[in-house]
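Visitor: Now for the letters of each chain:
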Amino acid sequence: MSFFHLRLFALLLMVLEWTRPGLSSPLRPICDLRVLDHFIKEAWDAEAAMRACKDACSIATNFTAPLTRVDFDVWEAMNIEEQAQEVQSGLHVLNETISSLQASNQTDVLQSHIDASISNIASIRQVLRSLSIPEYVPPASGGEDKEMQNVSSISELFQVHINFLRGKVRLLLANAPVCHQGVS
Amino acid sequence: MTKMRSDRLKIVFMLCLAFITIGGQHFESKVAQLLRDETEDIKCFVEVKDLTCFWEEEEERNNLHDQYTFTYSYENKNKMACVVSSLSLLASNKTVFYCKLPKTPFFTPLDVQVFRDGRMLYSRSLNAENFLFLDSPRNLTVMSSEKEGQLNVSWLPPLLKYIDDSMIYEVRYAVEGSNMGKVEVIKVSTMLSLLGLQPDTRYKVWVRVKPDGVAYKGYWSAWTEPVLGVTQPSDMDPLIMLLVLFIGLILCLLSMTVIMSHHKFLLKKLWPDIPTPEHKFPGLFTIYKGDFKEWMSQNNGSMWGRSVHVYTEELPSPLEVLSEVSLTSHGTSQREERQAVEEDEEKESERSDSGLTDRWREPPEAYCLVEQLRALQENPESLSQSLLLQSHDTYVTLNQNSQGDDERQVDDVFEETLPLQMLFTTAGTTSLNTSHSDLSSLQQSLGSGRLSSQSSFEYPNHTWPPKGPGYAYVAVTDSGLGRHRMYTNDYKNEIFLHKWPLSGQHTQSRSESCMGPVW
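Chains as they are written, first to last, in the UniProt record's numbering: chain A, 1 to 184; chain B, 1 to 519.
Because the hints were derived from the structure by calculation, they are not lab data.
It cannot be assumed that every hint is accurate.
Straight-line alpha carbon distances no greater than 30 Å define the calculated BS3-like cross-link-like pairs of lysine-lysine that follow [stated by the list, open to error]:
| hint | chain 1 | residue 1 | chain 2 | residue 2 |
| --- | --- | --- | --- | --- |
| 1 | A | 146 | B | 161 |
| 2 | A | 146 | B | 77 |
| 3 | A | 41 | B | 49 |
Just a few of them, taken from the derived set where beta-carbon distance is under 7 Å, the chain A residues facing chain B [to be verified]:
| hint | residue |
| --- | --- |
| 4 | 70 |
| 5 | 163 |
| 6 | 170 |
Here the structure is a predicted model, which means the values were calculated and not measured.
We put the beta carbon where it would ideally sit given N, CA and C, even for glycine.
Pulled out of the complex, with its shape left as it was, chain B reads as follows:
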């Protein structure tokens, strides 16, 4: 019986000791914290319901706390004494003297004074309810939330009955190992959800408490010990992943099917064939390696007929520009330039007539046709000489040149507005007396494509003007920028179609005096 009793006593004693030690630890830590933070000489705080005031030991003293006297008074009453104790702080190796007021009066001004050897050392007036120094919150727990990037934090307030509804908390959290922390302030409530956190990360959380400052005021408590929490890793719902994959697969299959069914069309659009002229020139590229002369020589007669056939099948083309005209007295053939209205006929005609190049002598230089024709007009007698027709000269000329007004009409023709240069000579033929209205109709006729193309070798069929010098021609000169030697086709227009061997008067002057675009 006595043994049991002694055991119980021992247990109680141990518990008390532990409690005091823990309390002492709290007290010591608070003292240490205020020693750092508080600037007043005499520092006071309320723990639970008692006010404690302490001050640091002065230098060169021998820890004799008897010499200090602590007095306090309130409501103009008599001063009361308080027992001074000493405390040695192990961490900072300092000694403080403190006094704990028994039955501390609240909500009234307190006057505290410290005397040493009869001399007042410190004095202070304060309200006790303004210096609450609470313990840290208890039972801090951090739990992972089901939601991504979220932690649920909860704790218990310190044990203080009359103040539990007017506390304010501060929650600090940081990634483990990092010093950069964020702070959340929360009133009254003892739980908080931390949002916006990184997934699958370890976080440290601390909490501290303070009176809210309305009814009670005080210092921030010490931080709790950090508690670790881990956020949920970000993972997709497997069902959603499967669904997304499945839909993706179906879409792929559909697109593949569409592509495969239209692959020819798509290929044609994306990778079009480069057109080659090979089908029109059988064997040119394969056998003769592009040597056109060789190829022509081999395929002479048949090709010609073929090309003619090709031409006659096509729509009558408008006028084409001959490259040059040179007037030679010896009747050297020259080419006249013709104006092309449709450029897409150029190449074909060039190709088809390239076989005729050897029949034509290239003029040594390009001459202004107008100048030549003007010379012709001035010397009509030369026309008769130039009536000699070279078989391989092909051109279309429309020349209406009235005897009386050569110059004027020629000048009229030289307007730049005319698409074609028209030199009109009338040799007295009324039918050639084209007025401006006829000129316009001529232009129209040229443009409307009513001309029919003819081979240059059909010259015997050409119509001739009834009189020698009178002829009509359309002559287009180049402006001297280059030789545009293109076509050999003859076009029969409504008015005239002539081969006109021009006289051998070379006109040396070139371009600038000539007007009219080539085409």
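Next up, chain A with everything else stripped away, as it sits in the complex:
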């Protein structure tokens, strides 16, 4: 084997190591809450846009949405897995509900907000993954679903969306164990 082939082989190895096709490399933990704050700001914009179009945005069917209420005493008493489970299931439900809106005919502005919200939820999932937060596990058959609520309008749905991100998701990220390692 000539030197040229060796060099080519080394280069190929380097490229493969870098891209790692087919394998998900561990992400660097995203502990900075400003990342989530950015998504929350976009969610505020969506909520404001939806709040303005009460009549045009009304729909016939009801949506399922997660509960957003946080009792600080209760929350702080929960362990990280329980908190993670609550956050992940809520994100899952939100994602499904908002995705169902994509099919309905909405104005371009609202459609852009809907698309942004879906992509933001996906990004938040990536952030949680980087913090080694357990993924969403659908409840086993026969197991209890997490408590949900029904919303009757799009504006209410996006209110739930913003409250959920500000509350549970943010508290989970703020108290992620990975970010507090080495800090007493």
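Starting from the structure of chain A, add chain B where the hints point.
Guide: Leaving out everything else, chain B in the frame of chain A:
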């Protein structure tokens, strides 16, 4: 043992009381502030982790808080009741009723209602996390910076665990005693450097805090108590001052040395001497007090020779203008005007010849020389009469006047382009038959300074034309604007130099018909 225990209990009790009092003060101040600022009927705020809603007492009531009923609900659950309390504000002398929700749920809409006697008084729906009313920042310190016009401000955030990373601060500072303050907004960070301040000035600094509005929202907290800080006085580094002084001193010394060494030159440039003619006229100003006649009379012979000597030393000057020419039949002397080419000779010649003024009779009026000469040409016989030469008449004339074409040539001469007026008469002498080319050469010769100056008293040496009426002269007349009586020098030119006593025909006409500049 029991005494120690009772003492401890007392201490704990006092501490609790103090804490409650302080907390109460905070609570009261917040209530008072919201009472002023908030427009809603039922005002709510979150202190630490509990939501408090209050409302003002209606008039004509007797502080009976039992009649009020406060209920709240969330997530479509059943309504829950809250215990109503009353608070008397000492500052504003008002009474408010309030209810503090136990275990306030956050991030969910809350519906609160106030009933009185079964009748709903107020109703409101709100999210608790949007109404945080934080305490003021703690431990505000202001320190002077080493840099000029700068103060370093630092503080601690209020005690609130879950929100310490999403706070926004406002720093207000003003000169002590002044009401005009500036405000700086800073996010998250709990220290700030105030720049651009006046040196050596006392400043008051306040800080307040608010949730940043992303995850949590709320009201601005109360301002902290003002803290004083003094900026550094502006002073120059003493070493630099010394250095600057030293260099300045050296520069001064150098400049002084230069000035002193060249002071004469500088003095001459800045304060030049006024030239006086005193050195040429010894004793004129000192003895005779400027009386030139006296001085001349005293220094007659010697001065003359001296002036002549002066003149002969100098370069031959071009023609000078005599002041006047008047033609008198009695042979009164008159002066002719001569044209000066170089003005700087005027004064000297005037001075030197001023001694001759008494020899010359001033003509009563200036006459146009050309007219006179024209008259002469028309009456050539008068020329012979005018051949009488007065000894003190001095002039230079170039006159080429051919018999046949008097008029024409005279007319030619009267062009304004000629610097000198030339009247040419030829009395038949071929040598005087100057053509235009000779005229130009004459001009050149006049201009080139090939003329030599002579004293007017040398008249016997003057060359005369071979024939009487024929003569050549250069006559320059003034245009009647004034008498330009200047010189007495005679100039010998290449062609002719004559003294010409003109005939006694006075030509009364003046200026306008005469042409040619004086000089």
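Visitor: With reference to the structure, classify each hint as holding or not holding.
Guide: The hints, checked one at a time:
{"no.": "1", "hint": "A:146 with B:161", "result": "holds (28 Å)"}
{"no.": "2", "hint": "A:146 with B:77", "result": "holds (17 Å)"}
{"no.": "3", "hint": "A:41 with B:49", "result": "holds (24 Å)"}
{"no.": "4", "hint": "70", "result": "holds (5 Å)"}
{"no.": "5", "hint": "163", "result": "holds (4 Å)"}
{"no.": "6", "hint": "170", "result": "holds (5 Å)"}
Against the hints set out earlier in the document, no violation occurs for any number.
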